[in-house]
Every structure is written in structure tokens, then in C-alpha cells.
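Heads up: the sequence lines are chains X and C, in that order. For what it's worth, our numbering labels the leading residue of the first sequence as 326, then goes sequentially. For what it's worth, our numbering labels the leading residue of the second sequence as 249, then goes sequentially.
These are computed hints drawn from the structure, not numbers from a lab. Be aware that one or more of the hints could be misleading.
For the chain X half of the interface with chain C, some residues (derived, Cβ under 8 Å), not all of them [claimed, not checked]:
#: 1; residue: His370
#: 2; residue: Gly375
#: 3; residue: Trp400
#: 4; residue: Ala417
#: 5; residue: Lys459
#: 6; residue: Lys466
#: 7; residue: His469
#: 8; residue: Asp470
Listed below are several chain X residues computed to face chain C (Cβ distance under 8 Å; list not exhaustive) [unchecked claim]:
#: 9; residue: Gly368
#: 10; residue: Ala369
#: 11; residue: Met371
#: 12; residue: Ala372
#: 13; residue: Gly462
#: 14; residue: Cys465
#: 15; residue: Arg473
#: 16; residue: Lys474
Computed list of chain C residues with no C-beta within reach of chain X, every gap over 10 Å [unchecked claim]:
#: 17; residue: Lys306
#: 18; residue: Thr311
#: 19; residue: Arg392
#: 20; residue: Gln411
Yeah, the Cβ is synthetic: ideal placement off N, Cα and C, and Gly gets one too.
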Amino acid sequence: MQVKTRSVLAIGTVLAILTPVLLHAAEPEDIIKYRKNMMKAIGAHMAAAGAIIQGKVDYKSQLSEHTNAVQALTWDIPGLFPKDSDFGDTQAKDEVWSNRAEFEKRAQTVKVRAEAFAKAVKTGNPQIIATDFKQLGEGCKSCHDDFRKKEDN
Amino acid sequence: MRHRVAVIFWLAVGAVPAAAGGDVVLQGEYIFRAAGCAVCHTDEKHHGAPLAGGRALKTPFGTFYTPNITPDPETGIGKWTEADLARALREGKDDEGENLYPSFPYTSYTHLTDADVHAIWTYLSGRPPVHQKNKPHDLPWYLRFRPLIGIWKALFFQPGVFQPHPDQSSAWNRGAYLATAVSHCGECHTPRNALGGLERELNCAGNRDGIDGAVAPNITPDKPTGIGHWSQSDLAEYLETGMTPDGDYAGDLMADVIDDSTSHLTKDDRLAIAKYIFSLPAVENEIKHEMHPHKKKKEKKENYE
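Isolated chain X, as found in the complex (with noise of 0.2 Å):
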């Protein structure tokens, strides 16, 4: 067998090996504190987008790279939420997982409206930015009022 083969031969089986090692299921809290994590940098991103649109700042270079991050963060929420994740310091209602279909279904059309505001950007039009932002708001604000509590923790 040639040297490069057996290398790869080598390092692969350790790989195989470890892989069950390696992708251990991440503790709940650490997915908790990301997603809470992921969630206050929409709502930093969506904040700072909504001032530029409401004139309180004169940053409108910079509205792209808010709508840009928002769209990216918004990719995958529902993979935030992975099961067994429901334990521990979240604001999450059980709903989430025992009413999975409609969960997914109001994170897609953030996910919808998120890429449709980045779009709106990309066009200059006014009007047509402050609605779509409007949009993605209420389309986070749908899913927090049926799948996030404000329970004391």
C-alpha cells in the first residue's frame, strides 16, 4: 500500500472511531445559552436595523450588513431547539417541541420574511424596506406569543 493511503486509511479509522466521542450531545444549558445568545443578536441586529429606518440614525451604510446578519441568524431556528433541550434556564414553552409542526412553520416565515427585508434593502425603496421590516417583526412576535413564556425562572 502506498504511504498517502495508509495515512488516510489510518487517520480515517481513528476518526470513525472517535466520531461518537467527538459529537457527544451538547448539554442543554450550553444550547439554552446559545440560542439565548443567537436570539439577543437578531434582536441587537433588528434594533439597530429599525432605528436606521426610522431616521434616528443617519448609519444607512450599514442597514445591509443588519439585514444581512439577521438572515443568517434566522437560517435555522428551529435547530436551535433540538430535542431534550427544553431542560433547564428557558424561556421556551413546552410547545415548541409538543407542537412541533406549527413551531417550524412560524420559523419559516421569519426565515421568509428575513430574506425578503434583506432584498428590500438591496432596492433603496423606502417604503417598501419599512414594511418588509414591519413584516419580520410581527413574524417574530407571532412566534413568542405562543412559544415563549414570561415566567419567572
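Assemble chain C onto chain X, guided by the hints.
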């Protein structure tokens, strides 16, 4: 002086929004929405008919089921007169003179003007009647005697129409009227004592034991524990879209309030409410809450440790 007060009163409080153009039914619909009647009297969770009641309100005292307020003569309020409705809103009594539980916030609605009560009646009696029997409340035995509510009322209920403050602007008075008589913010956002009475010195300072277990945050302009770091226009924006200055979006019960009630107000009315809320005494009362800036800072620290 009295004449000036009367003028301010009617301008500020009795003002019909320009859009309504004086039409009583439209004014009724506007105030009806602002008062949030549909939010409680419709069982949206189970796709119930509008205003036919049946929505469960879980409180520390038991579960209340809202009654049918459609004009159905048998199961709703179809046999009521306008005076009956006025008595319910102002005095907390039903058409037979029996006390109503204060889960129906007549403690706030008592402040409604005659014009608004009349408008609500006109609008409400035109709604489609729905035949649906009322579900009895699920309360512990010792709370099932309605005459006991009389004692509660003696302690905690101060009936009376809203009195404008002559030393405040008309916008402030409009906001005060909307917040205290119509949208009744304080009913959820004010802590209650053991007997369920509002702790009035802590007006709007937050309630950990809200309806359905929801936490109602401190909305006084306290900087560390309330919304003092918001601006008035932030609050007006929030009441319209649900977006906080941090880009967070309201969830749970408040999202319903925004969707069904405050988002339908005029911009001026939302700004007026904000003006009033920001004039409240700042009360330091920390309610653990995701929107709370202190908690955010604490969490950030933890993540980098």
C-alpha cells in the same frame, strides 16, 4: 376655573379620534378595542366565537371563565339594557344586582366617561349573537359567595368617572384616561396584596403572579428595574409593533394586548399613554425578566467566565 376644567375634560378625554368622525358605533369599536374586551371574552386558544366567553383566566384565587357578552338573549347579555351595562362597568354588578368578581376589571372601567360607556353599548349590542352557555368559575368553596365580594369592594374599590387634572396637559390627561380607565395597564402590571387588591403605592411596578402565571414587568420609569432607560417614543413604538429598544419582541399575553388592542390606537393616543406612564413615580421593584438589562449583563458575564 370650572369652565376651563370642563373644556379640558371634554377636549382631552371625551375627544373622538378624527377617524371616527363622530359616529357612535365607530367610537364604540375604538374604545372597545382599546379596553381589550375581546382579548378576555373570546376563547381564542380553543377557536371560540368572538365575545362568546369561555376563556380561562388562571389567578392565584382560582380559575375564572369569562362570560358570553354577545347580545344572545338566553346565554349572553341580549336582555340587558344600557343601564345594566353601565352598572357592570361602573359598579361591578350584573343585571340582577349581584356582585361581579374583580377578575372583571371594573376597578378600572368605573372611570370610563358616559360617552364611552354609551358608545361601547351601541357597538356591543350590534355584535353577532352567539348561543353559548357560561362556564361556572372554578373557585375554592370559600370564594363562591358573591356577597363576600362586597367586603372586597369596600376595601379596594373606588368607583367614579375619571377626573382630569387641570394642571396637566390635555395629552397627559388623555393618556391618563386611556391607561387607567380603558387599557387598564395597572390591573396586570401592579402587584396585588394577599386579598387580591391592587397595591396602589406600587402602581405599575410589576406583578410576578400575573394572570395565567405570566410575569408582568415593572413599567414605572425606574432606570434599573423599570423602563426608565426607554424613551416615550420607544414605549409608543412598543405599543404599536411590540418591539423593545433592544430589538426584542413582546410575547405571551402582552403580544395579545398589542395585537388586539394597543396597535389599533391612533399614534397620538399611544404617545399620550407613554406620556402618562413616564409621569408615574419610579418604583424600584426588580422582576426577573428576560427584557431586564441587569439580568442581560449578568448572563453575558456568565458566558465568558
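Notebook entry, point to check: In terms of Cβ atoms, is chain X entirely out of 10 Å range of lysine 306/C?
Noted result: Holds, because the least Cβ-Cβ distance between lysine 306/C and chain X comes to about 12 Å, which exceeds 10 Å.
Margin query: Let's test the interface hint: is any C-beta of chain C closer than 8 Å to that of arginine 473/X?
Written below: holds (4 Å)
Notebook entry, point to check: Should the interface hint for tryptophan 400/X be scored as holding, given a Cβ-Cβ cut-off of 8 Å against chain C?
Noted result: violated (18 Å)
Next item on the list: Against chain C, run the beta carbon of glycine 368/X and see if the smallest gap drops under 8 Å.
Entry: holds (3 Å)
Item checked: Assertion that arginine 392/C lies outside the chain X interface [Cβ separation over 10 Å] -> holds (28 Å)
Check: Hint check: is the beta carbon of glycine 375/X less than 8 Å from a beta carbon of chain C?
Finding: holds (6 Å)
Next item on the list: Return the status of the interface hint for histidine 370/X: holds when the least beta-carbon distance to chain C is below 8 Å, violated otherwise.
Entry: OK, holds: histidine 370/X within 8 Å of chain C, min 7 Å.
Note to self: Using the nearest Cβ pair, does lysine 466/X come within less than 8 Å of chain C?
What the structure shows: Because about 4 Å separates lysine 466/X from the closest Cβ in chain C, which is inside the 8 Å limit, the hint holds.
Check: Given glycine 462/X as an interface hint, is the shortest Cβ-Cβ distance to chain C below 8 Å?
Finding: Status holds, d = 5 Å.
Checklist line | Supplied contact hint for alanine 372/X, tested at 8 Å Cβ to chain C | finding: Constraint on alanine 372/X satisfied, holds at 3 Å.
Check: Hey, does the methionine 371/X contact hint survive, CB to chain C under 8 Å?
Finding: For methionine 371/X, the interface hint holds, since the closest Cβ of chain C sits about 4 Å away, which is under 8 Å.
Check: Is the hint on lysine 459/X kept, meaning its closest Cβ partner in chain C is under 8 Å away?
Finding: Interface hint status for lysine 459/X: holds (6 Å vs cutoff 8 Å).
The structure fails to meet hints 3 and 4 from the earlier list, while all remaining hints are met.
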